[in-house]
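Chain by chain, the residues:
Number of protein chains: 2
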Amino acid sequence: MIEKYFHEKIQKVNAFLYEQIKQKDAPDQLKESMLYSVQAGGKRLRPILLLATMEAFGRDADQGLPVACAIEMVHTYSLIHDDLPAMDDDDLRRGKPTNHKVFGEAMAVLAGDALLTLSFEVVADIKDRNISGQMKADLVTRLARAAGAEGMVGGQSSDLRAEGQTLLPEELENIHLHKTGKLLSFPVEAGALLAGANAGQIEVLSQFSGHLGLAFQIRDDILDVEGDTQRMGKSAGSDINKQKSTYPQLLTMAGAKQKLSYHLLEAKRCLHQLDIQYERLDEITDYIVDRNR
Amino acid sequence: MIEKYFHEKIQKVNAFLYEQIKQKDAPDQLKESMLYSVQAGGKRLRPILLLATMEAFGRDADQGLPVACAIEMVHTYSLIHDDLPAMDDDDLRRGKPTNHKVFGEAMAVLAGDALLTLSFEVVADIKDRNISGQMKADLVTRLARAAGAEGMVGGQSSDLRAEGQTLLPEELENIHLHKTGKLLSFPVEAGALLAGANAGQIEVLSQFSGHLGLAFQIRDDILDVEGDTQRMGKSAGSDINKQKSTYPQLLTMAGAKQKLSYHLLEAKRCLHQLDIQYERLDEITDYIVDRNR
Numbered sequence: 013m014i015e016k017y018f019h020e021k022i023q024k025v026n027a028f029l030y031e032q033i034k035q036k037d038a039p040d041q042l043k044e045s046m047l048y049s050v051q052a053g054g055k056r057l058r059p060i061l062l063l064a065t066m067e068a069f070g071r072d073a074d075q076g077l078p079v080a081c082a083i084e085m086v087h088t089y090s091l092i093h094d095d096l097p098a099m100d101d102d103d104l105r106r107g108k109p110t111n112h113k114v115f116g117e118a119m120a121v122l123a124g125d126a127l128l129t130l131s132f133e134v135v136a137d138i139k140d141r142n143i144s145g146q147m148k149a150d151l152v153t154r155l156a157r158a159a160g161a162e163g164m165v166g167g168q169s170s171d172l173r174a175e176g177q178t179l180l181p182e183e184l185e186n187i188h189l190h191k192t193g194k195l196l197s198f199p200v201e202a203g204a205l206l207a208g209a210n211a212g213q214i215e216v217l218s219q220f221s222g223h224l225g226l227a228f229q230i231r232d233d234i235l236d237v238e239g240d241t242q243r244m245g246k247s248a249g250s251d252i253n254k255q256k257s258t259y260p261q262l263l264t265m266a267g268a269k270q271k272l273s274y275h276l277l278e279a280k281r282c283l284h285q286l287d288i289q290y291e292r293l294d295e296i297t298d299y300i301v302d303r304n305r
Numbered sequence: 013m014i015e016k017y018f019h020e021k022i023q024k025v026n027a028f029l030y031e032q033i034k035q036k037d038a039p040d041q042l043k044e045s046m047l048y049s050v051q052a053g054g055k056r057l058r059p060i061l062l063l064a065t066m067e068a069f070g071r072d073a074d075q076g077l078p079v080a081c082a083i084e085m086v087h088t089y090s091l092i093h094d095d096l097p098a099m100d101d102d103d104l105r106r107g108k109p110t111n112h113k114v115f116g117e118a119m120a121v122l123a124g125d126a127l128l129t130l131s132f133e134v135v136a137d138i139k140d141r142n143i144s145g146q147m148k149a150d151l152v153t154r155l156a157r158a159a160g161a162e163g164m165v166g167g168q169s170s171d172l173r174a175e176g177q178t179l180l181p182e183e184l185e186n187i188h189l190h191k192t193g194k195l196l197s198f199p200v201e202a203g204a205l206l207a208g209a210n211a212g213q214i215e216v217l218s219q220f221s222g223h224l225g226l227a228f229q230i231r232d233d234i235l236d237v238e239g240d241t242q243r244m245g246k247s248a249g250s251d252i253n254k255q256k257s258t259y260p261q262l263l264t265m266a267g268a269k270q271k272l273s274y275h276l277l278e279a280k281r282c283l284h285q286l287d288i289q290y291e292r293l294d295e296i297t298d299y300i301v302d303r304n305r
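Those protein sequences? They're chains S and D, same order as listed. Remember, our numbering sits 12 above the position in the first sequence when you count from 1. Remember, our numbering sits 12 above the position in the second sequence when you count from 1.
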């Protein structure tokens, strides 16, 4: 069962993740603020994608825990900064008050900065003789590219510029490829790298995760219209209220659902080309498309 | 002449630094915002400390350029976030409007995030056969520790909590050791590492840079009282206006100057113990103490 699999992996990810912050010799309030957002739930989708990819190559997923947790730190930092009054100005995240509502704006900026910084430390400081120095350097480089100006932050800045404008579908897709796609592709690629996959396999997995990322985002947009506030832990309809372009708005709801199916099928087509144990990745893909929050 | 030395190094640092940002495949406005703050001047003290340390060991300083520029990116990001309305709320920095005054708060948050992220990429992605993968991983780890919760960001969060309070001199020192000290120590240690220094030499240089960092901060506090706004490019007396504790305030001006002399002497005592060509580092130390902005 995928629920049991998720549950087990979440336990491991959380234990490692919290420990990385707790063991820091840092001011208490900063650590509390970092932990608050990291402990606010979340599906741990990115870490689990990494661990499942390693297992698809027959590897022990525990070897991937540091990098898996690093991605979750980057994801969490991006939510903290995104929620700031100067950005999306959100009061609720995963059903709880956002970081700046609890700790103040200044501390929220710093907690985000500290989580981003820690993510790179966790990868670079891996103590595992099976992971070479050059592999750690490669993973840091890839994580930075996925998270930075050419990746997530670039997507956020395009998104910012696009507010209040009606985009072409390809412009919206380009924003999402960067804003959410790069950070969903990274764990799949990193897991494959750690598992010793060859360049051809990594390329196909990269296509897989590209489609997966778009499916994820289209599902998110559909949920924003069809979901209810309580189950999602954030306000339904919040994208529309912020005058952000969404797939249902640009393509109609039926068009958005069609596009979701397309990316789901393409993701699976890529996955099934590979001579690996892809069943878990398959289930995770279905989970992403069927989720209701 | 130290001015000529600074001038030459600044040229090299700037060329490399700007190129790292310009070559990114990222949205124009994000790159403009990153470049704006990176190009807003500054003494490039941290990069020059790294380059001069390498030369003190008889090494070619050019090998250190990527790490030198990475530190400057971290320094610049910290200034952008520090100046935000939620933090220090400063309108002027180095005589020019602060980043958020020009690009808006949201873009300033993102430009800071992107610079921090890029700093780790630049170190991890060094293409130099003389620098091993493990060395790159070590440098990323050290940069993250200097910049993150245990370093600069930790110091900023303590500083935040201390506003409006009267601190003990040792509390103020502890804030500065983290807030400014760690990012001044890192280039000296990184330069020594890159130059192949032994553990004993790194330890002494670390003591040197600790005293140098405190001397730097005390000089800053003295300038805040004695300097004039035009020369400094920021408002004189701004620390007092923000009810921040300063050395002159806690120790009297005479006491602060005495403490400055003490750390200057200790820094030089450490430096002169080493069997290296320390003349440039000596001059840089004098420059830091004598500077008037």
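Please note: incorrect hints may appear among the correct ones.
Any copy will do: because identical chains look the same in the list, a pair fits if it lies in one copy or spans two.
In silico lysine to aspartate or glutamate, EDC-like type, Cα no more than 20 Å apart, as pairs [stated by the list, open to error]: (1) K43 / E20; (2) K43 / E175; (3) K36 / D137; (4) K113 / D101; (5) K55 / D94; (6) K256 / D74; (7) K34 / D294; (8) K139 / D150; (9) K16 / E182; (10) K36 / D150; (11) K108 / E291; (12) K256 / E117; (13) K34 / D137; (14) K269 / D40; (15) K269 / D140; (16) K269 / E238; (17) K36 / D72; (18) K280 / D37; (19) K113 / D137; (20) K269 / E185.
If you're looking for bench data, these hints aren't it; they were derived computationally from the structure.
Structure-based check of all given hints:
| no. | hint | verdict |
| --- | --- | --- |
| 1 | K43 / E20 | neither (25 Å within a copy, 42 Å between copies) |
| 2 | K43 / E175 | between (33 Å within a copy, 19 Å between copies) |
| 3 | K36 / D137 | within (14 Å within a copy, 27 Å between copies) |
| 4 | K113 / D101 | both (10 Å within a copy, 19 Å between copies) |
| 5 | K55 / D94 | within (18 Å within a copy, 32 Å between copies) |
| 6 | K256 / D74 | neither (39 Å within a copy, 46 Å between copies) |
| 7 | K34 / D294 | neither (34 Å within a copy, 40 Å between copies) |
| 8 | K139 / D150 | both (16 Å within a copy, 12 Å between copies) |
| 9 | K16 / E182 | neither (37 Å within a copy, 52 Å between copies) |
| 10 | K36 / D150 | between (25 Å within a copy, 18 Å between copies) |
| 11 | K108 / E291 | neither (34 Å within a copy, 57 Å between copies) |
| 12 | K256 / E117 | between (24 Å within a copy, 19 Å between copies) |
| 13 | K34 / D137 | within (16 Å within a copy, 30 Å between copies) |
| 14 | K269 / D40 | neither (46 Å within a copy, 32 Å between copies) |
| 15 | K269 / D140 | neither (44 Å within a copy, 49 Å between copies) |
| 16 | K269 / E238 | within (12 Å within a copy, 66 Å between copies) |
| 17 | K36 / D72 | neither (27 Å within a copy, 36 Å between copies) |
| 18 | K280 / D37 | neither (45 Å within a copy, 29 Å between copies) |
| 19 | K113 / D137 | neither (33 Å within a copy, 38 Å between copies) |
| 20 | K269 / E185 | within (15 Å within a copy, 59 Å between copies) |
Violated hints for the displayed structure, listed by number in ascending order: 1, 6, 7, 9, 11, 14, 15, 17, 18, 19.
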